[in-house]
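Use these hints to put chain B onto chain A, whose structure you have.
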Amino acid sequence: MTDNIYNKIYSSSRTVFLEETGEKLESILKDKVKYIYKTGIDLLIMVSKNNLYQTVKELKENPDLKVNSFQSIAVLNNGKKSFLIINLRSFDNDFSVLLKIEISQREIEEDYREIIEILVKFFRAVKFYRHKSKIISDSCDIRILPRSTEGLDCFDLDILTDDDLIREAYVNIDIARIIGEDFYKGMELYNLIAYISRFDWKAGIFPEVCLCEAFEELLQLKVTERAQYIRMLLCELYRISNHIYFISNICNVLQHDIAYNLSLLERERVLRMIESITGSRIVPNFIRIGGVKKDISEEMLASIRKNLPVLFKSIRRIEKIMLSDFLILERLSDTGTVDKEIALEYGISGPNLRASGIRYDLRKVKDSFLYKDLSFTIPVGKSGDCLDRISVRFNEILQSLRIINQIISKFPEGSFIKKINVSHLEFQSGAISYGIECPHGLFKIYTEVDKNNINSLVVKGPSLNSLILSEEILAGNKLEDIDLILMSLDISPGEIIST
Amino acid sequence: MLIIFKKVFYILALLLVNLYICEYINNKLTARMDLRRGYRISGTKGIGFPLVRFFKYISRNEKINIWTFFIFLLSLLIWSVVPITANLVLIEMDYSLLIALTSYIILIILLFFNSSRTSYGAVYSESGKKILILLSFLLPALFSIASIVLINKTLSLKEIVNSQHQYWNIILQPLGFIVFFISIFLQLKLLGVRGKSYISSGTNIGKEGTGLGKIIERFSVYMIVFFLIIILNILYLGGWQGIYIIRGEIILAIKFYVIFVILLLMDKAIGRIDSYSLLVRINWKFLIPVSLVNFIVTFGFFIARDVYNLI
Numbered sequence: 001m002t003d004n005i006y007n008k009i010y011s012s013s014r015t016v017f018l019e020e021t022g023e024k025l026e027s028i029l030k031d032k033v034k035y036i037y038k039t040g041i042d043l044l045i046m047v048s049k050n051n052l053y054q055t056v057k058e059l060k061e062n063p064d065l066k067v068n069s070f071q072s073i074a075v076l077n078n079g080k081k082s083f084l085i086i087n088l089r090s091f092d093n094d095f096s097v098l099l100k101i102e103i104s105q106r107e108i109e110e111d112y113r114e115i116i117e118i119l120v121k122f123f124r125a126v127k128f129y130r131h132k133s134k135i136i137s138d139s140c141d142i143r144i145l146p147r148s149t150e151g152l153d154c155f156d157l158d159i160l161t162d163d164d165l166i167r168e169a170y171v172n173i174d175i176a177r178i179i180g181e182d183f184y185k186g187m188e189l190y191n192l193i194a195y196i197s198r199f200d201w202k203a204g205i206f207p208e209v210c211l212c213e214a215f216e217e218l219l220q221l222k223v224t225e226r227a228q229y230i231r232m233l234l235c236e237l238y239r240i241s242n243h244i245y246f247i248s249n250i251c252n253v254l255q256h257d258i259a260y261n262l263s264l265l266e267r268e269r270v271l272r273m274i275e276s277i278t279g280s281r282i283v284p285n286f287i288r289i290g291g292v293k294k295d296i297s298e299e300m301l302a303s304i305r306k307n308l309p310v311l312f313k314s315i316r317r318i319e320k321i322m323l324s325d326f327l328i329l330e331r332l333s334d335t336g337t338v339d340k341e342i343a344l345e346y347g348i349s350g351p352n353l354r355a356s357g358i359r360y361d362l363r364k365v366k367d368s369f370l371y372k373d374l375s376f377t378i379p380v381g382k383s384g385d386c387l388d389r390i391s392v393r394f395n396e397i398l399q400s401l402r403i404i405n406q407i408i409s410k411f412p413e414g415s416f417i418k419k420i421n422v423s424h425l426e427f428q429s430g431a432i433s434y435g436i437e438c439p440h441g442l443f444k445i446y447t448e449v450d451k452n453n454i455n456s457l458v459v460k461g462p463s464l465n466s467l468i469l470s471e472e473i474l475a476g477n478k479l480e481d482i483d484l485i486l487m488s489l490d491i492s493p494g495e496i497i498s499t
Numbered sequence: 001m002l003i004i005f006k007k008v009f010y011i012l013a014l015l016l017v018n019l020y021i022c023e024y025i026n027n028k029l030t031a032r033m034d035l036r037r038g039y040r041i042s043g044t045k046g047i048g049f050p051l052v053r054f055f056k057y058i059s060r061n062e063k064i065n066i067w068t069f070f071i072f073l074l075s076l077l078i079w080s081v082v083p084i085t086a087n088l089v090l091i092e093m094d095y096s097l098l099i100a101l102t103s104y105i106i107l108i109i110l111l112f113f114n115s116s117r118t119s120y121g122a123v124y125s126e127s128g129k130k131i132l133i134l135l136s137f138l139l140p141a142l143f144s145i146a147s148i149v150l151i152n153k154t155l156s157l158k159e160i161v162n163s164q165h166q167y168w169n170i171i172l173q174p175l176g177f178i179v180f181f182i183s184i185f186l187q188l189k190l191l192g193v194r195g196k197s198y199i200s201s202g203t204n205i206g207k208e209g210t211g212l213g214k215i216i217e218r219f220s221v222y223m224i225v226f227f228l229i230i231i232l233n234i235l236y237l238g239g240w241q242g243i244y245i246i247r248g249e250i251i252l253a254i255k256f257y258v259i260f261v262i263l264l265l266m267d268k269a270i271g272r273i274d275s276y277s278l279l280v281r282i283n284w285k286f287l288i289p290v291s292l293v294n295f296i297v298t299f300g301f302f303i304a305r306d307v308y309n310l311i
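Protein chains in written order, with my numbering: chain A, 1 to 499; chain B, 1 to 311.
Only chain A is shown next, with the shape it has when bound in the complex (with noise of 0.2 Å):
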């Protein structure tokens, strides 16, 4: 079944009407969806509120399908009508989709609260939807609000607790909340490219690699094999400086103070060598549509290639400072562990979801990149602790050494951008959802464009479904560990104020 949705048809993923898939998918769901399209990597459902529990029951109960893990809901405002959707998805079968629901413009709240509690029936995440804050606030045993480290200032957190054991925990993001319309709303595509780095600032060439490679496929552009090496060269770049920097936060919470500054130190390094690239360290601005804003010289790539050693001398010595240490060891290991079933209930991705066993990487899955060309392996954890979670990071800094490497021996000759006028686009009216593995997990972008407009805009980070997870996991630990737990997830906090 998912065979024929992903590799019989269309490989190229336009905006185009799937009849295979939708005759398939109508034949199993019948009458109750109003008509089904391919969207970028995404199926798009419409789905009427009042079919929506049949519906969700027959894509989770089939066995052709097996939907099994919950990704996002977003509220989306197309001008006149206001939506709802809904992103599942199936790990065994690798198949994503996204369900639009109409909801009335007076009754949203109430049609919102409903739709919820149709959902809750199926997914567990859905729970944190709910609006809970007046339940909650009362009976509360400690309210932890936001710190000054980054990753922790984006939400209170309202426990309850047995003595030492936390009993139940709940998130509450509404202090960090913007509205994603205000966001893009009159804002021209250029501009959106300039910005959009600012929902992602661990990492911020990924939104922007995200975007333009979206409003790529919507225009059929054929991107240049140089500027794909660009391209994928400051995305391992900025993958390592992330992840050396979650080291250094999990560091600065342990107060092991010299793996600390070591790391802040290399992360130095690798910041001035994406500077030396794009001009600016933290949020880049430099793809553009059809390419990357400035070439790469040979001198760069020499430079670059000259710190590689070094950079993997004193990762590895990180490394076996931190890991061999028997007191971090004891306090890493067996703490907020996190399951197969649950990871993949609660929709997280990336390191976390690797961490706990689960081999999926989308630049091994899907081609997006020219990712095939190189060797390098994914590495998996065992037991899901926050260990493993810290270990697979380890490895992955190496992976991307390794990948830099091959990419700068392979650079190949040509022309690093195709040069198109962005502000007189015109597109084919249609929707488009796109996704990249990004440091943290999935970062999805989902479209509407209409002519030379784009009529709405939802960017889904990661971030979030491991803060949603968070709850799950906090449950059943000690205080002291609240602190550490929500470290190890590596929540960017520009991504919870996006949704």
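By construction, these hints were calculated from the structure, which means they are not laboratory data. The C-beta atom is built at its ideal place from N, Cα and C for all residues, glycine as well. Heads up, some of the hints might be wrong.
As the list claims (entries may be wrong) - Example chain A residues on the side facing chain B (calculated, C-beta under 7 Å, incomplete): (1) LEU254; (2) GLN255; (3) HIS256; (4) ASP257; (5) ASN261; (6) GLU330; (7) ARG331; (8) GLU480.
Chain B only, in chain A's frame:
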């Protein structure tokens, strides 16, 4: 009468100079290990740093808590009983070891009262937990002290030092020394040797308390550090006993700073131990059994030698 004033002056001056040097070493060493340059502005190589920090704190207004004041007072009063050298002690008595230990325990309990001034409930409960663990670390230390007392047959600190003129107690009691050292290291780890005192501020709040109160708090924490190092010296490392022609005071100073630097380095190299279950496990599964075994062996030896004259 004049002699007592002279002694008080000498003790205070010695403590202050030590404080200055230790604060300076602390700053320099932590900076080196952080791969930073450290504070360099004040004077050559940042020699004026402790003074600058003192004025920085004192420039801010804050009310002093009564418990802070008591801690300050008691941390000074300890030195009336504990001999720094043979002559630098105010009150000479036969039970100085007991009195020193009692006042140390009272000091720790006062620290607990001091933490009650915080407005954060979590910090208060956390510091309470820490103090209890800190008190439990005294158990193995007391066992090792008891075996020292059995060997030297005295409760006076001065007598303990004098009885080590042939060889230091560390040779007779290596296990006891290890247990005692680990115990005081973990106590200092909980108190915070460098910079932040976690007992008064907790894990989540980095800075609590500025002004004169902060200085007094830092001062008393340093006094506790000095007290523990001096006690370690007196009990195991021969106190102010000289070696060959070198004067005992110089040897004591060298030993003092070496131990201080080792403690500092260990504190820096090992991350903060937050998991209380681990601390409790270290205490009850390692320190207390080892010290108990050590004590029983020493006690058996004592009975065999002194009561039945077998050895």
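Hinted contact A/ASP257 with chain B - closest CB pair below 7 Å = Holds - the Cβ of A/ASP257 comes within 7 Å of chain B, reaching about 6 Å at its closest.
Close enough to count: is the Cβ of A/ASN261 nearer than 7 Å to one in chain B?
-> holds (5 Å)
Return the status of the interface hint for A/GLU330: holds when the least beta-carbon distance to chain B is below 7 Å, violated otherwise.
-> For A/GLU330, the interface hint holds, since the closest Cβ of chain B sits about 6 Å away, which is under 7 Å.
With 7 Å as the cut and Cβ atoms as the points, is A/GLN255 at the interface with chain B?
-> holds (3 Å)
Against chain B, run the beta carbon of A/ARG331 and see if the smallest gap drops under 7 Å.
-> It holds, given that the least Cβ distance between A/ARG331 and chain B is near 5 Å, below 7 Å.
Interface hint status, A/LEU254 versus chain B (Cβ within 7 Å) | OK, holds: A/LEU254 within 7 Å of chain B, min 4 Å.
Per the CB criterion, is A/HIS256 less than 7 Å away from chain B?
-> Where the cut-off is 7 Å and the nearest Cβ of chain B is about 4 Å from A/HIS256, the hint holds.
Please verify that hint: A/GLU480, Cβ, nearest Cβ of chain B, below 7 Å or not.
-> Nearest chain B Cβ about 5 Å off; hint holds.
Hint check: no violations occur; every hint is consistent with the structure.
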